[in-house]
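Following the hints, position chains H, X and S against chain D.
Number of protein chains: 4
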Amino acid sequence: MLVVMSYRATPEEVEAVVAAIEAKGYTARPIPGGERVAIGILHNKGAVEASHFLGFPGVKDVIPVTRPYKLVSREFQSEDTVIQVGDTPVGSGHLTLIAGPCAVESEEQCITIARGVKAAGAHLFRGGAFKPRTSPYSFQGLGEEGLRILARVREDTGMPVVTESLDTDNFDLVEEYADVIQIGARNMQNFSLLRRAGRSHKPVIVKRGLAATIDEWLMAAEYIMEGGNTQVILCERGVRTFAHHSRNTLDLSAVAAVCKESHLPVIVDPSHAAGRRDQVIPLSRAAVAVGSHGLMVEVHHKPEEALSDGAQSLYPEQFEVLCREIRAIFDVFQLADSV
Amino acid sequence: MLVVMSYRATPEEVEAVVAAIEAKGYTARPIPGGERVAIGILHNKGAVEASHFLGFPGVKDVIPVTRPYKLVSREFQSEDTVIQVGDTPVGSGHLTLIAGPCAVESEEQCITIARGVKAAGAHLFRGGAFKPRTSPYSFQGLGEEGLRILARVREDTGMPVVTESLDTDNFDLVEEYADVIQIGARNMQNFSLLRRAGRSHKPVIVKRGLAATIDEWLMAAEYIMEGGNTQVILCERGVRTFAHHSRNTLDLSAVAAVCKESHLPVIVDPSHAAGRRDQVIPLSRAAVAVGSHGLMVEVHHKPEEALSDGAQSLYPEQFEVLCREIRAIFDVFQLADSV
Amino acid sequence: MLVVMSYRATPEEVEAVVAAIEAKGYTARPIPGGERVAIGILHNKGAVEASHFLGFPGVKDVIPVTRPYKLVSREFQSEDTVIQVGDTPVGSGHLTLIAGPCAVESEEQCITIARGVKAAGAHLFRGGAFKPRTSPYSFQGLGEEGLRILARVREDTGMPVVTESLDTDNFDLVEEYADVIQIGARNMQNFSLLRRAGRSHKPVIVKRGLAATIDEWLMAAEYIMEGGNTQVILCERGVRTFAHHSRNTLDLSAVAAVCKESHLPVIVDPSHAAGRRDQVIPLSRAAVAVGSHGLMVEVHHKPEEALSDGAQSLYPEQFEVLCREIRAIFDVFQLADSV
Amino acid sequence: MLVVMSYRATPEEVEAVVAAIEAKGYTARPIPGGERVAIGILHNKGAVEASHFLGFPGVKDVIPVTRPYKLVSREFQSEDTVIQVGDTPVGSGHLTLIAGPCAVESEEQCITIARGVKAAGAHLFRGGAFKPRTSPYSFQGLGEEGLRILARVREDTGMPVVTESLDTDNFDLVEEYADVIQIGARNMQNFSLLRRAGRSHKPVIVKRGLAATIDEWLMAAEYIMEGGNTQVILCERGVRTFAHHSRNTLDLSAVAAVCKESHLPVIVDPSHAAGRRDQVIPLSRAAVAVGSHGLMVEVHHKPEEALSDGAQSLYPEQFEVLCREIRAIFDVFQLADSV
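Residue numbers (this note's numbering), protein chains in the order written: chain D, 468 to 806; chain H, 468 to 806; chain X, 468 to 806; chain S, 468 to 806.
There could be a bad hint or two in this list.
Same chains, same label: a pair holds when it works inside one copy or across any pair of copies.
Restricting the straight-line Cα-Cα distance to at most 27 Å, the calculated cross-link-like pairs of lysine-lysine (DSSO-like) are [claimed, not checked]:
| id | residue 1 | residue 2 |
| --- | --- | --- |
| 1 | LYS769 | LYS727 |
| 2 | LYS537 | LYS527 |
| 3 | LYS537 | LYS727 |
| 4 | LYS727 | LYS527 |
| 5 | LYS769 | LYS491 |
| 6 | LYS491 | LYS585 |
| 7 | LYS727 | LYS585 |
| 8 | LYS491 | LYS527 |
| 9 | LYS527 | LYS669 |
| 10 | LYS585 | LYS769 |
| 11 | LYS769 | LYS527 |
| 12 | LYS669 | LYS585 |
| 13 | LYS491 | LYS537 |
| 14 | LYS669 | LYS727 |
| 15 | LYS727 | LYS491 |
| 16 | LYS537 | LYS669 |
| 17 | LYS669 | LYS769 |
| 18 | LYS537 | LYS585 |
In short, the hints are calculated from the structure, not lab data.
Isolated chain D, as found in the complex (with noise of 0.2 Å):
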């Protein structure tokens, strides 16, 4: 971190914090300048609050320098972590496809669309059971009757599950089921929920939040790996900006930044980033080709009945058609990727 004085700072309140940044048992290091002093700090551990220097007399600003999170690095581990969820790998050099509706309806819905999109390619099957829901109105999942639905899909199909967590209460109840637990953007930054993802010894999911840096996404996955658990997948799915041709700016230029930081891999969600069908197969093309190591996509054989996000669910014949383009281009990149 970089503490930059005013240009008219005085020599005693660069002393000041000097003086404050050692008492804090770090090391500074000022640095003149042609017009204005700035001073360094080196840190041995832990991480320095950021703005903490801000409000001393004659600062200017206050620069940090290195990245907060530790565990989640590429400085920290260099190699790909590759997860493995059932017979299946979801990191480098694999291109993993998670498919199904929203939310869980009904044991007859669910069967239907577990087979068809594992025949179209998908290796985990996903359902909700406990919804997020913007109004207390709106359907909230059918609860662990949803839970019993997709351990009866597993069985049927073989298929892995992934679920979503939306709380403590509840995570002891979808960690029994499910084979991978999401945890979705409104809950990127449930420090408790994170801390107990910490505690399961199955993938989590973290999906960024509408409004997350990569650096507090990669902070939240730090609270779990700092818990314990090690396999933890990074899923973007759009963040909220003015635009609205879509329901949220899918941001793939943060999948490349993330693997670059990260050993962790990462995956994308497209129809939540579209937040209309018709952008999904576009979207995934476009996902793929950047080098994300899946997709999570929403799939419904009647969407126009679906109990939520009907209108960004593909049709199982575009599913399809989904799985047929993003693997043509999986295997260019991969090829160009041994170039």
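Relative to the frame of chain D, chains H, X and S by itself:
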């Protein structure tokens, strides 16, 4: 497009809108509803200026769809809600000041600050015992010991205390000690927590999420009211934008908009919006001038030693200046209201 | 809310939407128009899920108001526009590569880079003679001398040249030399410049503004077409968001959305979106995969000596990799299209 | 500026960066840290291309330390600039009110509004003769006839007039008639127009761009000052965010930040920020309370017939209320300042 008339609109006002629509070459189709008239606009060619009819007498809004909330709405309850916290009313016609440190650090720290802010004019004391932190390595609060300190502050000063609940696990504990329970910005869509707050008998402050629309923010309050707790206070604390001259962008138009839509009290947290001390007093003045029912401000007697958010905490003497200035502005504004 | 049916919607599809509206307890009011049917939704209580009906067969959109543009719209011209630049077609079914340095610095620099990018597969050469710079103290371009250098590049390599016009004052001059005239992101709503471009006989690239909605972007193109110039190419180059892991956030859903709304070609500039070299190749792959009709990429043989934007310029050998990879993806995508 | 090296950077890579810095005529100062090296750049004059060094091998990040502007900065001139427009001072210690219709529509309209706003307390009259419109099909202003009407308003009321120049082509004409020339938000980075304004002898209002950082906004002012015109007034008018309860999000922290960074006067346009009449008075109060040196407000005697922006225009009697309220707040604030 739908032009929604005020429920008090006269037949003449409806006629005038219809006439204006047709004067522009469109077809107007009035749709009489239960409570009000809406007017559909059919247009042959060219664009309708979306906001054009917003300015007509009797027109309430020009919209694609009505609002998703009910209980929090002025259509459900037209008069302002005023919430009583001990001797302190929060809401219409009152200006409530909540002040204290970001985190409870020690009894001495809290008592010192509490006496100072009370003398300056604060009504409620704030301090975090459980802290939501971006990093798992940062100070996470004193927990129950922090709550006990808050109880002693209340005993010593007579001030009711405001503190945050992070999750359903610690809600009972927080509820036992706190006079007002805060739900933080990162938890605004933690629906389990909102539901638990809906079963509480204590007033709840709901901070606006970093990227929340006012519809989503009001829906968070709706969750609580739907659960039976009508004592909800909204708190604007800045949203995340591209701007970086302040930590977040304080959105004061949200205060004006929410006061129009909802009967609930709305306060402003200038400290988290600014993220830097030098903007807190100007933004506090602006918040009161726009019509906020109160402020929540961070104050620390030794901000340079604070365990969190020191850079944005006011010195006690600055808080005195703040109180003086906003009180004067509030008096003007009240006067204006009665003109 | 208004559910707008596709102009090809069958009476059965209209009926299905009406039935679905009523099944939800709302009243449906079909409004037959000149070209299509729209269905107004009257609802007694509760909220209509805005996007719910978007997924129905025959439904084109669910909207408050129709689009403001005309000439650029697919409703005006359903088949794709293909623009001929010398021997190079731009638009549907073609993948056009525009490459070159940010700024024209010298004849030697331009010829060297131009020969390199041509060999790698570029069709058009780009280079700025007049540069829009945030600072008045930065290098502003070589002006007319830069244009003369571009002419010599064209002579030497046979490549048509793309360069930016900053204002109506220099438009004549730029028009004299350039094969394609670029209007930069900061000028997207410089309406005088757009009008002048509308009177040009040269193709015009309109870059999307940093905070432009696609409606505004298409309206900028509408200004040019309204003036009589039908040769407009749209260029997505990232929008400004809170994210700072890339200079701007590349919005690839905009490409999908614009291709649906408009018949004009859409290309992508990954260099300005990323602002850093290491994201340019991944974002280029993604852009082609999403369906972009081309790319505009910055390449410099000595980026560390470039007078502007060196950090985002590819080395010539990286551009070769890029060409190989995107060509392969484009082939896949074309194949998929014909499935 | 600080170049942060990767922790794996070799001594040779550090050396290469140092050499490149010095080859550009700057001084490089390596700062060895615990885990990595950072290199400070000290520069005598001119701006360092912020991203230039990002592309070097071994470089992890490049962090700007000092501000890019000079003449507009308080480091260049510490005392506030006060600009004289006729009898009206704009800047420190004064509260200047600019009011009038969005567009000049007729002499009768302008004289009527001008007399009304003058009586209420406005100092300057505003009205657009050349209008920047998103659509080529919208009313574009009366042009020179509009300027002549403004001149007659000035003659009739004695009020100086403010009007916008859209481009270098019409600048001479606007300059001939106007007392203050406005550069609109969409033209904030129209550098040709800024340069022309720099050669003017009339005061210039520079509106903040929809997605402009305050650095970019101040750089726009720097262009004008660098050209020799020191009479620059900054105008905050809201930025574009995801929020849609107001047309733009008024960013009042920008006023506080700019007043600290720059000696130039800063005013606020609440009308374009809000886009709806009912927020204009509350936001005006807030703007004055935060420390704005003035307001620019749209007023129309028949807003429902206005040719543009009627929905956000105040009725004259509302403007009277506004004047009364903000004057009272300003008095409080001035008092507070002297405490």
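Exercise for review: If any of the earlier hints don't hold here, list their numbers in rising order.
Suggested key: 6, 7, 9, 15, 17 and 18
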